[in-house]
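Visitor: Keeping their order, the protein sequence lines are chains L and H.
Our numbering applies: residue 5 is where the first sequence begins, and numbers increase by one.
Our numbering applies: residue 5 is where the second sequence begins, and numbers increase by one.
No lab work stands behind these hints: they were computed from the structure.
Beta carbons are placed, not taken as given, at the ideal position from N, Cα and C, and that holds for glycine.
One or more hints might be untrue.
[To be verified] Between beta-carbon pairs, the in silico distance windows are:
1) L:E180 with H:D407: 40 to 46 Å
2) H:K405 with L:E180: 38 to 44 Å
3) L:R207 with H:A338: 39 to 45 Å
4) H:P52 with L:T236: 21 to 27 Å
5) L:E180 with H:S567: 19 to 25 Å
Number of protein chains: 2
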Amino acid sequence: MTRREFRNLSDPAAVEEAIDTFELSTGPESVELSAAQGRVLAERIDAPIDVPGFDRAAMDGYAVRARDTFGATETDPIELSVTGTVHAGEEPAEEIDAGQALQIATGAVLPPGADAVVPVERTTEGETAVDVRTAVTPGDSVMPRGADIASGARAIGPGTLLDPRHIGLLGAVGRERVPVVGQPRVGIVSTGAELVQPGNGLRPEAGEIYDVNTNALAAAIESAGGDPQQFTTTSDDPETMRVSLAEAAEETDLLLTSGSTSAGTADVLYDLIEEHGEVLVHGVALKPGRPLLVGRVFGTPYVGLPGYPVSAMTVFRVFVAPRLRAAVGQPEPAAATVDATIGTRYRYDGGRLRLLPVGLVEDGEGSLVAHTLAKGSGATTTLAEADGVVQMDPERTLLSKGDETTVELFDPDAPLPSLLVVGAADPVAFDLFDTLAAPRHLALGRMDAQRWFTDGIPDLLIATGSSPVDGDVLGRWRREWGLAVRDGTTLDGLADLPDCQFANLDEDVWLRDAFETALTDAGVDGEDIEGYHRELPGLESAARSVASGRADAGLALCRTADSLDVSFVGLGEQDVSLVAAQDRREKDGLVRLEAAIDEFEFDDVVGYTAGDF
Amino acid sequence: MTRREFRNLSDPAAVEEAIDTFELSTGPESVELSAAQGRVLAERIDAPIDVPGFDRAAMDGYAVRARDTFGATETDPIELSVTGTVHAGEEPAEEIDAGQALQIATGAVLPPGADAVVPVERTTEGETAVDVRTAVTPGDSVMPRGADIASGARAIGPGTLLDPRHIGLLGAVGRERVPVVGQPRVGIVSTGAELVQPGNGLRPEAGEIYDVNTNALAAAIESAGGDPQQFTTTSDDPETMRVSLAEAAEETDLLLTSGSTSAGTADVLYDLIEEHGEVLVHGVALKPGRPLLVGRVFGTPYVGLPGYPVSAMTVFRVFVAPRLRAAVGQPEPAAATVDATIGTRYRYDGGRLRLLPVGLVEDGEGSLVAHTLAKGSGATTTLAEADGVVQMDPERTLLSKGDETTVELFDPDAPLPSLLVVGAADPVAFDLFDTLAAPRHLALGRMDAQRWFTDGIPDLLIATGSSPVDGDVLGRWRREWGLAVRDGTTLDGLADLPDCQFANLDEDVWLRDAFETALTDAGVDGEDIEGYHRELPGLESAARSVASGRADAGLALCRTADSLDVSFVGLGEQDVSLVAAQDRREKDGLVRLEAAIDEFEFDDVVGYTAGDF
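All chains should be built: construct the whole structure from the sequences, respecting the hints.
Guide: Here you go:
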């Protein structure tokens with residue numbers, strides 16, 4: 005294994021410069037009018053016809069010669085003889101002569117001889133005549149031929165981002181197909197032998213993981229106006245990768261890879277790009293995103309993104325998306341930044357421009373609070389729980405609580421979470437959340453959750469046991485907990501645990517404390533239990549270990565054991581409280597949550613009882 | 005022809021109430037992950053697996069037993085024997101024992117026995133051993149199994165609008181398909197015998213026009229999250245329409261018609277809805293939009309929109325789109341209003357809530373100025389040139405220049421025009437505009453154009469002759485004008501015109517004045533010319549009349565005659581000036597325009613010469 009380290013990191017501006025040299029614009033393409041929305045017009049469209057193509061009645065009424073109505077008033081109407089009717093979409097059968105009128109519908113052709121329309125409201129209809137109760141002048145209630153747009157006139161300019169209004173105008177001038185700016189084909193080759201496409205079986209014991217970046221990048225490419233093309237995920241084998249790159253480069257205008265750019269396994273990509281193209285940038289002074297590779301391969305512009313999802317998406321958003329939007333003429337998203345106050349202290353070792361992913365929540369006064377995310381750029385949950393990034397200059401090493409900052413939003417159109425919740429995982433709380441508009445629950449550890457709540461960041465804390473914090477309790481209930489037990493395992497209580505393969509839960513899972521108390525009460529020493537230190541990360545993890553036969557018994561909720569269809573030995577009950585931040589009580593999400601709690605049928609859930617509070 | 009008039013207009017709130025009774029939500033549907041962007045998640049997704057599914061190296065380096073590194077420092081490293089290598093995507097071949105290390109790549113499975121990774125940067129590689137220059141503790145540089153998200157944990161809540169970040173997380177937990185909120189099928193039946201679909205031939209003499217609303221509404225439905233279904237445009241014949249409605253109602257969750265709702269031809273729609281369903285609202289106190297029909301037909305919710313494009317789109321936007329977005333769980337567009345100052349006075353007869361379409365332009369200080377549009381709700385150009393609407397209460401009858409107001413934007417993401425231009429149509433000016441980012445040219449008449457410019461609304465005036473206004477002349481050129489002449493017509497100059505069928509241009513076309521001056525100079529009386537009063541609306545209209553054989557001669561630019569391949573008799577030259585508003589000179593669009601003028605090759609355009617200024 006040779007390793008290429010990044011000794012000279014490029015400035016982010018140098019990356020922009022390198023990517024600016026890419027020619028990504030493709031020729032215009034012709035699309036059907038019904039598919040033109042969201043595309044950018046490639047050429048000016050001049051009207052090939054007059055719209056309307058005839059002098060057109062703008063009201064229901066009577067087509068007349070204006071001079072015949074001269075002097076007509078409400079009290080002294082003028083009678084005109086009605087010689088017929090003209091509907092929209094038909095050619096007038098006759099001319100109008102002096103003293104005559106033709107009944108006419110909105111949109112119909114003004115008959116020859118007529119020069120105005122008297123609205124029906126200003127007439128009184130007789131058998132074969134009409135009393136006109138107002139005088140009109142030539143052109144009244146008529147849209148003349150070409151008055152909307154005249155043949156040969158400029159209708160829409162090139163570069164227009166087509167929305168329903170433009171689609172309407174293009175229809176009006178008879179366009180069935182529209183020339184639009186072509187979408188650059190952007191290839192994605194996610195590299196790594198460990199990657200498996202979603203929907204296929206996974207062998208975690210062999211280090212396999214599902215491919216995150218291919219689908220996330222495809223969606224991001226689409227948003228930026230590109231046409232994503234997914235290529236088979238390749239292994240790190242140089243020859244396989246060379247063939248993949250050559251094929252993908254052939255079919256695309258820009259080629260992205262993700263993974264294999266870090267100072268890792270054999271630097272396969274670097275060597276391939278150098279051999280079959282050129283490397284313009286290798287390594288950027290940016291966090292996340294350092295192991296970036298920019299160049300050309302097999303004649304196609306190339307950006308090698310890091311493999312970590314947050315890093316890959318950050319590099320794409322910062323460097324690639326703006327270039328793509330420029331190539332297709334899409335405007336930069338409006339209002340892409342918001343002001344916020346830092347809610348969680350953050351230390352940074354500096355030296356590179358830091359794009360720190362943060363989540364956002366509205367405080368009681370409607371201001372935004374930004375919080376960091378605990379799991380780092382290797383976690384996909386970091387990606388989904390962040391709303392944007394805070395820029396920290398390379399010299400800056402600290403964000404303090406209360407600092408004013410600007411957050412670059414990932415997606416200005418994405419709604420912020422209706423509620424920010426921390427604390428215990430609880431099936432009933434989650435069922436309640438399902439009735440609200442997308443609240444966000446951060447799986448923080450117990451200590452962090454309480455500290456964040458005390459620091460005024462989340463709207464809501466899900467606490468177990470006696471409530472350890474100040475706040476308004478919106479709801480409280482009891483949940484039965486105990487041991488999920490594998491079929492065939494004889495186990496009556498805690499005293500039998502030392503004879504089992506046990507699956508424990510992490511201290512950060514808010515059930516562990518109840519278990520510890522029970523162990524103490526029962527006089528059982530955890531160290532005597534095989535698997536006591538096998539601490540699993542999620543509320544359901546131990547029960548799932550039991551369900552899949554990896555353990556004989558596991559710490560679990562009755563509700564979880566039931567849903568997994570695993571036997572259960574009850575050991576006790578635990579209080580769960582939903583504690584609202586006092587200054588957020590008016591927040592719509594909390595008001596709705598309280599209403600949902602009031603209506604919730606706790607008796608319908610196995611192992612749950614409603615609490616008094 | 006019977007006519008049903010609107011004697012009792014409903015309040016807009018009553019329309020909202022009626023439409024709120026519609027059940028538009030459809031069941032969830034399953035889409036591929038690659039098609040899930042922009043859709044709304046229908047169910048909570050819990051992680052079915054641990055992510056990662058194994059204890060995972062977070063750095064390139066050496067997998068070790070942390071206790072073996074105790075005491076290691078830069079100056080006093082500890083040597084461990086290297087027993088092998090584990091790459092990402094492979095199962096570790098061996099366990100780690102005391103004193104041993106395994107070379108490991110980021111993402112690889114931590115081998116049994118190891119509990120930490122020493123980053124490669126803190127080691128010195130030997131032949132079969134490694135010097136570890138730092139002490140690590142258990143868990144260092146390792147992402148434990150399930151630490152990103154644990155099996156059974158809540159990953160994403162229902163109601164989430166899926167963007168690339170969520171797509172990434174759904175991929176991470178292995179989802180190949182995603183349950184999303186179904187899109188209501190919204191049928192569009194545009195009614196009217198006069199309607200022809202774009203792409204087909206048009207008989208304007210029979211009052212035919214291209215269908216504007218079907219395509220515009222389809223695009224608007226799509227934007228609001230619905231699935232547009234276009235049905236054959238029907239005639240006003242009751243039986244044909246009944247069959248169309250029955251068929252469309254069968255296949256859709258909401259049925260829209262446009263047209264035929266005004267007090268017009270036979271009230272066919274009203275009668276059909278009443279007979280085969282129910283009418284909830286007929287007529288609303290709103291302008292535009294009065295002839296609105298809300299009800300049910302053949303069991304399907306129904307909204308009858310007015311036929312005029314601006315009216316139809318307004319009613320859709322105000323009443324239908326919010327209901328559709330609610331049904332699919334899409335958020336209301338953010339930042340949908342802006343503050344602006346009224347630039348053009350507007351009088352209104354009141355009595356109904358007025359939603360006045362306005363265009364917007366940024367003034368020299370970056371504030372927005374709103375202007376009305378001249379052509380009314382029957383014009384599709386009104387639709388394309390408006391950026392939003394100003395609400396006027398029924399009691400309000402006047403908007404004065406300088407009034408502060410709020411504009412509801414049609415599309416918050418749509419960029420405002422880079423330049424607002426009024427005045428003469430000119431082919432070279434339009435060629436210059438094609439090099440800019442979608443400037444907007446309003447085809448105002450001469451007097452209006454000058455007044456608007458003096459009132460400080462547009463950025464630029466295209467003036468002919470000697471510049472009649474104050475402003476900075478960005479560019480000036482001369483264009484040759486004269487008569488486009490039909491083949492076979494003998495015509496040497498103005499004196500021959502009385503012998504021809506002549507096509508004149510409207511006084512609002514900025515070529516007419518040059519023609520009038522020339523007539524006077526030549527001593528020709530316009531009244532002697534057959535067709536002198538045939539005043540056509542656009543700069544090219546008369547030449548096009550000649551090209552299509554409808555006239556023998558027509559007032560035209562040399563450039564136009566050339567492009568239409570029609571003979572031309574020159575009569576003179578006309579100055580064209582691009583005059584910039586003095587307070588807007590820093591505007592990007594004007595700066596770019598000036599640069600484009602500098603580079604423009606006037607000699608390449610037939611009949612043009614660059615001017616001095």
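Visitor: Which numbered hints are broken by the structure, listed smallest first?
Guide: Going through the list in order, the structure violates no hint and respects every one.
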